[in-house]
Amino acid sequence: MKPLLFFHILFVLLSCGQSPVREQEKNEYTTVEGETMGTYYRVSYSDTTDFKQEIEQLLQDFNMEVSTYIPESKISAFNQSASGMDFEEGVFTDNLRIAREVYDQTKGLYDVTVMPLVNYWGFGYTEKKPVNKVDSAKIKALLNTVGMDKLHIEKKGKTWKITKSTPGVQLDFSSVAKGYGVDLVAKLLEQKGIRHYLVDIGGEMVMKGKNPKGKKWSIGINVPEVDAGVTESIVYLALGNNAIATSGNYRNFYEVNGARYAHTINPVTGFPESSKLLSATIIAPDCATADAWATACMVSGLERSAEYFKNNPQLSACLIYADGEKLSITYHNDFEKYIQPAD
Numbered sequence: 011m012k013p014l015l016f017f018h019i020l021f022v023l024l025s026c027g028q029s030p031v032r033e034q035e036k037n038e039y040t041t042v043e044g045e046t047m048g049t050y051y052r053v054s055y056s057d058t059t060d061f062k063q064e065i066e067q068l069l070q071d072f073n074m075e076v077s078t079y080i081p082e083s084k085i086s087a088f089n090q091s092a093s094g095m096d097f098e099e100g101v102f103t104d105n106l107r108i109a110r111e112v113y114d115q116t117k118g119l120y121d122v123t124v125m126p127l128v129n130y131w132g133f134g135y136t137e138k139k140p141v142n143k144v145d146s147a148k149i150k151a152l153l154n155t156v157g158m159d160k161l162h163i164e165k166k167g168k169t170w171k172i173t174k175s176t177p178g179v180q181l182d183f184s185s186v187a188k189g190y191g192v193d194l195v196a197k198l199l200e201q202k203g204i205r206h207y208l209v210d211i212g213g214e215m216v217m218k219g220k221n222p223k224g225k226k227w228s229i230g231i232n233v234p235e236v237d238a239g240v241t242e243s244i245v246y247l248a249l250g251n252n253a254i255a256t257s258g259n260y261r262n263f264y265e266v267n268g269a270r271y272a273h274t275i276n277p278v279t280g281f282p283e284s285s286k287l288l289s290a291t292i293i294a295p296d297c298a299t300a301d302a303w304a305t306a307c308m309v310s311g312l313e314r315s316a317e318y319f320k321n322n323p324q325l326s327a328c329l330i331y332a333d334g335e336k337l338s339i340t341y342h343n344d345f346e347k348y349i350q351p352a353d
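For the sequence shown, my numbering assigns the number 11 to the initial residue and increments by one for each residue that follows.
Check each hint, because a few of them may be wrong.
Said to hold, decoys possible - Quick list of in silico lysine-lysine cross-link-like pairs, DSSO-like style, CA-CA up to 27 Å:
{"hint": "1", "residue 1": "223", "residue 2": "197"}
{"hint": "2", "residue 1": "286", "residue 2": "139"}
{"hint": "3", "residue 1": "171", "residue 2": "160"}
{"hint": "4", "residue 1": "347", "residue 2": "223"}
Hint data in this document are derived by calculation from the structure and do not stem from the laboratory.
Values in this document were obtained by computation on a predicted structure and should not be read as measured data.
Sequences are here, hints too, so could you generate the full structure?
What follows is the structure in structure tokens.
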């Protein structure tokens, strides 16, 4: 969960108007908006019923599981525990399971135990301030607490006993939680019988069916440059039944003495990752998976990311990178089929 000042975004260009898209309703769309996880949420769906209260409650309950910004949350309790905790199978363990799957496939480059380093660099739940003088000894010490191999998981029925093999291990689900939250809201709409919707939390999205004009949902991938407008897009997509997430280092960063430090931390080096890869957009079967893999790409860089997609045909990707003085794009696993001309 990133505070409002620190977030990357994949902007959605929502169409206006109405069309006959749901026979049992009045052919109208409802849009509800609010704030969650340090950013916005926007949900548009083909029904006249206002589900905002249920959506708000769902997201509040979710944050009590995974938000490091809430001292009373389950993840905060785990992070402050000396040796670990027991959890009933559910939201928390789902986030951990998805994170572990990506951790294994990236050989540890994607790692949700990076929380101590995220805090050190000023991007976590502690005081947000730039690191004016890098303390290499401190970083080395913190690296001793990083690694999902330092978590032992024992399952007994529906109970997960999660034990820390090293004191100080902390979890940070910010790279998967927004996507998971999107999936939860989409599931709620499915349970309500909604056939056409778009759920957007801070740029991570799930969409189904048609937009109010009876067409696919139009999505724009933001230009990954610091001075680009927040609605300025470089690639336009038409999506109907998809989950999509983007990660980038072009908004959430600070500079000290000419050096740029971005929010994506490499769990192997302990330093903010810097490469020619500027943004990664992933289309996946669910938004939590898309969210995690988008971050994994930003940590891994362009070449390693390309290898990931060879082994994961269920993922489609758009990787935007610096190519000298210009931006270049590489697509993987038929991402091109979603591209549409700009409106």
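Distance restraint between residue 171 and residue 160, which requires alpha-carbon spacing of 27 Å or less: holds (13 Å)
Hinted pair residue 223 and residue 197, Cα distance within 27 Å: holds (23 Å)
Pair hint outcome, residue 286 versus residue 139 [Cα-Cα no greater than 27 Å]: Within the cut-off at roughly 25 Å; holds.
Hint consistency between residue 347 and residue 223 [alpha-carbon to alpha-carbon, up to 27 Å]: Holds, at roughly 21 Å.
When each numbered hint is compared with the structure, no violation occurs for any of them.
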